[in-house]
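*Asks:* One letter stands for each residue in the lines below.
There are 2 protein chains.
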Amino acid sequence: MIDGLLMNFQAKMDARLDILLTESGQLYDSVLSAARYSIIDGGKRIRPFILTEFYKICGGDDDCAMNFAAAIEMIHTYSLIHDDLPCMDNDDFRRGKPSSHKQFGEAMALLAGDALLTEAFNVASKTIGIPADRIVKALNILAENAGVSGMIGGQVIDLQGEKTGLTADDRLLMYKLKTGALIKVSAQIGAVLAGADTELELAAAEYGENLGIAFQLVDDILDYEGDFEALGKPTGSDEKNGKVTFVKLLGIENCKLLAAEHTKKALATLNKLQGDTTNIKELTEYLLERKN
Amino acid sequence: MIDGLLMNFQAKMDARLDILLTESGQLYDSVLSAARYSIIDGGKRIRPFILTEFYKICGGDDDCAMNFAAAIEMIHTYSLIHDDLPCMDNDDFRRGKPSSHKQFGEAMALLAGDALLTEAFNVASKTIGIPADRIVKALNILAENAGVSGMIGGQVIDLQGEKTGLTADDRLLMYKLKTGALIKVSAQIGAVLAGADTELELAAAEYGENLGIAFQLVDDILDYEGDFEALGKPTGSDEKNGKVTFVKLLGIENCKLLAAEHTKKALATLNKLQGDTTNIKELTEYLLERKN
Numbered sequence: 012m013i014d015g016l017l018m019n020f021q022a023k024m025d026a027r028l029d030i031l032l033t034e035s036g037q038l039y040d041s042v043l044s045a046a047r048y049s050i051i052d053g054g055k056r057i058r059p060f061i062l063t064e065f066y067k068i069c070g071g072d073d074d075c076a077m078n079f080a081a082a083i084e085m086i087h088t089y090s091l092i093h094d095d096l097p098c099m100d101n102d103d104f105r106r107g108k109p110s111s112h113k114q115f116g117e118a119m120a121l122l123a124g125d126a127l128l129t130e131a132f133n134v135a136s137k138t139i140g141i142p143a144d145r146i147v148k149a150l151n152i153l154a155e156n157a158g159v160s161g162m163i164g165g166q167v168i169d170l171q172g173e174k175t176g177l178t179a180d181d182r183l184l185m186y187k188l189k190t191g192a193l194i195k196v197s198a199q200i201g202a203v204l205a206g207a208d209t210e211l212e213l214a215a216a217e218y219g220e221n222l223g224i225a226f227q228l229v230d231d232i233l234d235y236e237g238d239f240e241a242l243g244k245p246t247g248s249d250e251k252n253g254k255v256t257f258v259k260l261l262g263i264e265n266c267k268l269l270a271a272e273h274t275k276k277a278l279a280t281l282n283k284l285q286g287d288t289t290n291i292k293e294l295t296e297y298l299l300e301r302k303n
Numbered sequence: 012m013i014d015g016l017l018m019n020f021q022a023k024m025d026a027r028l029d030i031l032l033t034e035s036g037q038l039y040d041s042v043l044s045a046a047r048y049s050i051i052d053g054g055k056r057i058r059p060f061i062l063t064e065f066y067k068i069c070g071g072d073d074d075c076a077m078n079f080a081a082a083i084e085m086i087h088t089y090s091l092i093h094d095d096l097p098c099m100d101n102d103d104f105r106r107g108k109p110s111s112h113k114q115f116g117e118a119m120a121l122l123a124g125d126a127l128l129t130e131a132f133n134v135a136s137k138t139i140g141i142p143a144d145r146i147v148k149a150l151n152i153l154a155e156n157a158g159v160s161g162m163i164g165g166q167v168i169d170l171q172g173e174k175t176g177l178t179a180d181d182r183l184l185m186y187k188l189k190t191g192a193l194i195k196v197s198a199q200i201g202a203v204l205a206g207a208d209t210e211l212e213l214a215a216a217e218y219g220e221n222l223g224i225a226f227q228l229v230d231d232i233l234d235y236e237g238d239f240e241a242l243g244k245p246t247g248s249d250e251k252n253g254k255v256t257f258v259k260l261l262g263i264e265n266c267k268l269l270a271a272e273h274t275k276k277a278l279a280t281l282n283k284l285q286g287d288t289t290n291i292k293e294l295t296e297y298l299l300e301r302k303n
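If you read the protein sequences in the order shown, they are chains A and B.
Our numbering applies: residue 12 is where the first sequence begins, and numbers increase by one.
Our numbering applies: residue 12 is where the second sequence begins, and numbers increase by one.
It is worth saying that the hints were derived from the structure and are not from the lab.
Remember, identical chains collapse to one label, so a pair may be satisfied in a single copy or spanning two.
The list that follows gives simulated cross-link-like pairs (lysine to aspartate or glutamate, DMTMM-like), each with its CA atoms no further than 20 Å apart:
hint, residue 1, residue 2
1, Lys174, Asp40
2, Lys174, Glu117
3, Lys187, Asp40
4, Lys23, Asp72
5, Lys113, Asp52
6, Lys137, Glu155
7, Lys267, Asp230
Generate the whole structure from the sequences, applying the supplied hints.
*Replies:* What follows is the structure, given as structure tokens:
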């Protein structure tokens with residue numbers, strides 16, 4: 012059932028992204044083409060799905076959160092494009108096709124990433140039908156968690172860790188920031204846009220934080236034991252890059268236990284919410300069991 | 012007199028940037044160090060100065076616009092860092108010292124740029140003392156003009172022009188976007204934050220647009236006939252990079268005439284405003300005569 016829900020949402024999200032990133036016959040259309048190549052590609056849209064579900068759970072009954080949902084996906088995609096660049100992870104494939112710099116060259120990939128990051132704030136700040144104070148708060152949560160004390164901070168720790176190695180604690184922090192921060196705020200922003208009180212907002216953030224850690228652990232597990240065809244990218248890349256992942260630190264079985272534990276915590280947090288959490292519960296379990 | 016005003020403002024702006032980008036003893040402090048290296052360096056702070064002056068001209072009498080002023084400077088600085096990268100202009104010097112990637116390596120320079128862009132929206136959305144609807148509007152103007160149909164669009168046209176050449180019209184569009192957009196919105200956002208009506212807001216934008224074109228023309232002129240010591244970067248880099256600048260298209264004298272013309276237009280626009288425009292008039296004339 013969650014498969015069908017996600018597929019429907021993907022189609023809706025892609026239609027919105029298609030409009031928001033429409034080429035307009037200008038000289039700079041090429042950067043929009045590059046951005047579209049990376050973002051309109053059948054991604055799972057987990058983050059925007061979470062955002063709109065929490066918006067509904069907390070009382071939103073319209074499409075007004077869709078621009079923020081698109082913004083979250085744009086920020087996620089920009090981070091992948093920049094992450095794949097030769098000076099970073101130097102990955103030639105992403106989601107089963109050549110990564111942005113392999114397709115368009117490094118300069119255009121850099122600008123496509125910059126563009127998606129900037130357009131995220133452009134489209135989110137164009138949100139209508141929601142009070143301005145909620146929009147400002149949501150924009151601030153988004154920027155803070157995409158920035159130095161969030162996703163970028165996680166990138167920095169990851170980058171430094173390649174040279175110096177990371178302790179288990181530092182690696183957990185890196186996961187919380189690099190992958191977790193954006194998943195956490197997907198839930199939190201959905202709640203904020205719907206006008207949730209502080210207690211609900213914090214419950215949403217707590218759910219998202221635990222799901223984010225579980226999500227990254229499953230990514231590590233899949234990188235270790237998944238296959239290229241299902242993932243759309245080479246497996247074993249962490250090992251190849253000499254990264255000391257949790258799989259190496261804890262062993263594959265403990266890694267699976269830890270992912271299950273954080274999934275359980277995330278599910279427990281959902282009990283604090285009043286709205287209908289059926290879809291988000293299914294998603295949470297689906298993400299633990301996923302094969303790509 | 013404008014020298015003294017700018018120096019005072021620079022000190023105030025640097026103090027604000029110092030607080031906004033304070034290292035906090037975290038593992039990711041290194042990216043803040045890199046960001047600080049590029050932004051706290053005695054830059055002229057033209058854009059934030061314009062923003063706060065228009066805030067005052069349109070009735071603001073407090074420091075509430077300072078976070079947006081810092082945000083504008085952060086976006087300007089991120090664009091310089093990414094512009095200097097090897098895959099872009101490959102410039103080794105910026106403002107008289109090694110550019111970010113020469114100092115910290117490409118990966119950290121990439122992340123420092125990403126961080127400054129993201130933190131710009133973080134600090135701007137933390138603005139207090141100004142109604143939320145004005146903040147949302149200002150954030151949208153900022154993102155729109157820093158994005159694909161603004162600064163990044165200008166970068167893209169510039170990048171493509173290196174290969175295919177640009178007509179005079181396309182080059183003018185490139186200037187309007189790459190340099191002009193951020194200068195234009197500095198004036199416009201100052202007005203919006205102060206609660207200016209549409210007429211005043213458009214006058215501010217018109218001033219900024221003309222100043223932006225004049226500013227870029229003077230940059231071309233200085234690149235052609237300035238010297239390394241005054242500029243803090245190599246001269247003749249446009250010619251070296253094979254760029255067909257306006258100096259080449261129009262000749263140096265016509266270029267100077269065009270810069271003077273846009274400066275005059277900018278000054279004429281100021282007459283539409285009610286507030287005290289003494290400082291901004293002086294700045295406008297100073298920018299035409301500057302040697303760096």
